[in-house]
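Novice: In order, the protein sequence lines correspond to chains A and B. For the first sequence, numbering that gives the first Met the number 0 assigns the number 0 to the initial residue and increments by one for each residue that follows. For the second sequence, numbering that gives the first Met the number 0 assigns the number 0 to the initial residue and increments by one for each residue that follows.
Read the hints as simulated data drawn from the structure, not as lab findings. Among the hints, a few may not be true.
Claimed, not checked - Within a straight-line C-alpha distance of at most 30 angstroms, the following computed DSSO-like cross-link-like pairs (lysine-lysine) qualify:
#1 B:Lys-284 with A:Lys-43
#2 B:Lys-233 with A:Lys-43
#3 B:Lys-244 with B:Lys-103
#4 B:Lys-124 with B:Lys-284
#5 B:Lys-102 with B:Lys-284
#6 B:Lys-35 with A:Lys-21
#7 B:Lys-151 with A:Lys-21
#8 B:Lys-99 with B:Lys-284
#9 A:Lys-21 with B:Lys-187
#10 B:Lys-280 with B:Lys-233
#11 B:Lys-233 with B:Lys-124
#12 B:Lys-24 with A:Lys-21
#13 A:Lys-74 with B:Lys-151
#14 B:Lys-35 with A:Lys-43
#15 A:Lys-59 with B:Lys-151
#16 B:Lys-72 with A:Lys-21
#17 A:Lys-74 with B:Lys-280
#18 B:Lys-72 with B:Lys-353
#19 A:Lys-59 with B:Lys-187
#20 B:Lys-233 with B:Lys-244
#21 A:Lys-43 with B:Lys-151
What the hints assert, rightly or not - Under 7 angstroms between C-beta atoms, here's a sample of chain B residues computed to sit facing chain A:
#22 Phe-150
#23 Ile-287
#24 Ser-294
#25 Gly-295
#26 Val-296
#27 Ile-299
Stated by the list, open to error - Simulated restraints, written as ranges between beta carbons of each label pair:
#28 B:Pro-310 with A:Ser-44: 44 to 52 angstroms
#29 B:Tyr-232 with A:Glu-56: 33 to 41 angstroms
#30 A:Arg-55 with B:Asn-131: 50 to 58 angstroms
#31 B:Lys-353 with A:Ser-83: 55 to 63 angstroms
#32 A:Glu-66 with B:Glu-182: 36 to 44 angstroms
#33 A:Glu-20 with B:Thr-273: 29 to 37 angstroms
#34 B:Glu-162 with A:Glu-12: 25 to 33 angstroms
#35 B:Tyr-232 with A:Arg-6: 16 to 24 angstroms
#36 A:Ser-69 with B:Leu-174: 24 to 32 angstroms
Please read all numbers here as calculations on a predicted model, not as lab measurements. Every residue gets a Cβ at the ideal spot worked out from N, C-alpha and C, and that includes glycine.
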Amino acid sequence: MTVVICRCEDLTEDDIVEAIEKGYDELETLKRHLRMGMGPCQGKSCIPLAERILCRETGKSPDDIREPTSRPPNKPVPFALLASEEVDDHE
Amino acid sequence: MSEEAGVVIIGAGVNGLGTAYHLGKMGYDDVVVLDKSYICSGASGRNGGGIRQQWTSEENIKLALESRKMFEKLNEELEQDLEFYQGGYLVLAFDEDESKDFKKNVKLQNSLGVESQYLTPEEAKEIVPELNISDVVAATFNQTDGTIYPFKVVNGYANRVREMGIDIRDHTEVLDIVTEGDEIKKVKTEAGDIKTDTVVNAAGGWSSQIAEMAGAEIPNKPVRHEIMVTEPYKRFLEPMVISFKHGIYFSQSEHGNVVGGMGNPDEEVGVNQTGSLWFMKNFSKTLIDFIPRFSGVNMIRQWAGLYDTTPDAQPILGTVPEVERFYQINGFSGHGFMVSPVVDKVTAELILGKEPSMDIDRLSVDRFEADDFEAEGAVVG
Ligand SMILES: Cc1cc2nc3c(=O)[nH]c(=O)nc-3n(C[C@H](O)[C@H](O)[C@H](O)COP(=O)(O)OP(=O)(O)OC[C@H]3O[C@@H](n4cnc5c(N)ncnc54)[C@H](O)[C@@H]3O)c2cc1C
Ligand code: FES
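Please work from the sequences and hints to get the whole structure.
Specialist: This is the structure:
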């Protein structure tokens, strides 16, 4: 059965396992190699799943997995809104 | 326990790994590459992927031209599609001074073999139909400029370098470089010492710190630069569009995302890689000014990286006066990806005592001792 992990970038569990085997064995490098977590949802659903696969494949505990840096904005925002004065620091 | 290596390279970005790749290609594999974080964690994994030959200093033009030719063959060498898209660079002038300079630049670029052209605003609009040209005075364009996917290049090198038997150690921070007199003895890392007499300083925004460890001085200063990406859209932008006056650049990637950045003229020196509200607002405003259609386009992610800046905005290459066999490959001042192929190759040649395939003497750190060094004028952001 094919399990889709990242819907935005169309990546399956097999894609992720294969990349880990190639040596992309932390979230930051997995992200860049596969573009995983770089879709419009910014990895909200796929990164936690990928974390679990990483633990399973590498034998690391969740505490040893380095969290990827979260990068604003938290959801897609049109430039017109960002350009306006309404944006505050927490957007 | 102490181990030994012929060459220790500090920094697993495009230049550290590119140098390792060329050393390996020349048949030399007694090399260790160290990085304090993951591969490509520095500017090499945070940049705009822009490949431009339209520079104003002879040195930068030559480095960029030769490198562009090397990038054209790199897909084949690394057996990977690196997404090198040669949609050109469209450089916009917003006042008469800029347009006068642009004429001069094109002349120099043409004389060195870069086929850039001087354009009217209307001609610029033919290349980017949605461009607002109401304040544009002139433009230049060079078709063989373009963009590449940086991570694929760096990982392409990493994979090849490992196949050649060269050791890459991520998450291994360099803590000190031990010298005796003017000779390097060893590199101390958080995971033990490595005996060596040859060190390559490819540490990007951290290069001054590394130089200091060896007792050498370079004038490099790290400065934050911010960048962002939009949701993917069907291609509507062929070239990279840039303005020196506004400090902005943007292009569309193979996947359809628009990638763009802008420098803050008041940015302070320091190692800071967080995003700012200043950027979000000012970048968005300027982008909409350039192409009004961007109003409704969504930004999805923003981040920052370091420019390793020098007083003349040109890189520092070759050895230093204080210590022997301490090779610099840093100070790229925001354009170290596009010139990496040739500078990596020449650095490998210097290390192995070969005749360098390009003369880079004028880029050694000594140049700052003269009072009249000439600065590169075409830095964006
Ligand atoms: C926002 C932005 C946009 C840019 N756009 C472009 C562009 O369009 N085109 C272009 O050509 N260039 C661009 N640049 C510049 C380009 O990214 C850099 O010049 C280039 O990537 C530098 O590569 P490097 O390998 O020399 O250094 P880096 O990629 O910065 O690598 C240095 C490495 O050294 C490591 N390191 C530091 N200290 C230590 C230590 N003590 N021990 C071990 N390791 C250490 C770091 O972790 C890092 O991985 C841009 C830069 C930024 C920030
Ligand atoms: S599901 Fe992976 S980025 Fe959206």
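Novice: Next, verify each hint and record whether it holds.
Specialist: Outcome of the hint check:
1. B:Lys-284 with A:Lys-43: Cα-Cα ~28 angstroms, so holds.
2. B:Lys-233 with A:Lys-43: holds (24 angstroms)
3. B:Lys-244 with B:Lys-103: holds (17 angstroms)
4. B:Lys-124 with B:Lys-284: holds (20 angstroms)
5. B:Lys-102 with B:Lys-284: holds (29 angstroms)
6. B:Lys-35 with A:Lys-21: This hinted pair holds, its Cα atoms lying about 21 angstroms apart.
7. B:Lys-151 with A:Lys-21: holds (14 angstroms)
8. B:Lys-99 with B:Lys-284: At roughly 27 angstroms apart (the allowed maximum being 30 angstroms), Lys-284 (chain B) and Lys-99 (chain B) satisfy the hint.
9. A:Lys-21 with B:Lys-187: holds (29 angstroms)
10. B:Lys-280 with B:Lys-233: holds (25 angstroms)
11. B:Lys-233 with B:Lys-124: holds (19 angstroms)
12. B:Lys-24 with A:Lys-21: It holds: about 22 angstroms lies between the C-alpha atoms, which stays within 30 angstroms.
13. A:Lys-74 with B:Lys-151: Judged against 30 angstroms, a Cα distance of about 26 angstroms means the pair holds.
14. B:Lys-35 with A:Lys-43: holds (28 angstroms)
15. A:Lys-59 with B:Lys-151: Cα-Cα ~26 angstroms, so holds.
16. B:Lys-72 with A:Lys-21: holds (24 angstroms)
17. A:Lys-74 with B:Lys-280: holds (16 angstroms)
18. B:Lys-72 with B:Lys-353: holds (23 angstroms)
19. A:Lys-59 with B:Lys-187: Holds, at about 27 angstroms.
20. B:Lys-233 with B:Lys-244: Holds, at about 29 angstroms.
21. A:Lys-43 with B:Lys-151: holds (24 angstroms)
22. Phe-150: holds (4 angstroms)
23. Ile-287: holds (6 angstroms)
24. Ser-294: Hint holds; Ser-294 (chain B) Cβ to chain A Cβ min 4 angstroms, cut 7 angstroms.
25. Gly-295: Check passed: Cβ of Gly-295 (chain B) comes within 5 angstroms of chain A, closer than 7 angstroms.
26. Val-296: Because about 6 angstroms separates Val-296 (chain B) from the closest Cβ in chain A, which is inside the 7 angstroms limit, the hint holds.
27. Ile-299: holds (5 angstroms)
28. B:Pro-310 with A:Ser-44: 44 to 52 angstroms: holds (48 angstroms)
29. B:Tyr-232 with A:Glu-56: 33 to 41 angstroms: holds (35 angstroms)
30. A:Arg-55 with B:Asn-131: 50 to 58 angstroms: At 52 angstroms between Cβs, range holds.
31. B:Lys-353 with A:Ser-83: 55 to 63 angstroms: holds (57 angstroms)
32. A:Glu-66 with B:Glu-182: 36 to 44 angstroms: holds (42 angstroms)
33. A:Glu-20 with B:Thr-273: 29 to 37 angstroms: holds (33 angstroms)
34. B:Glu-162 with A:Glu-12: 25 to 33 angstroms: holds (27 angstroms)
35. B:Tyr-232 with A:Arg-6: 16 to 24 angstroms: With a Cβ separation near 19 angstroms, Tyr-232 (chain B) and Arg-6 (chain A) satisfy 16 to 24 angstroms, so the hint holds.
36. A:Ser-69 with B:Leu-174: 24 to 32 angstroms: Since Ser-69 (chain A) and Leu-174 (chain B) have Cβ atoms about 29 angstroms apart, the given range 24 to 32 angstroms holds.
When each numbered hint is compared with the structure, no violation occurs for any of them.
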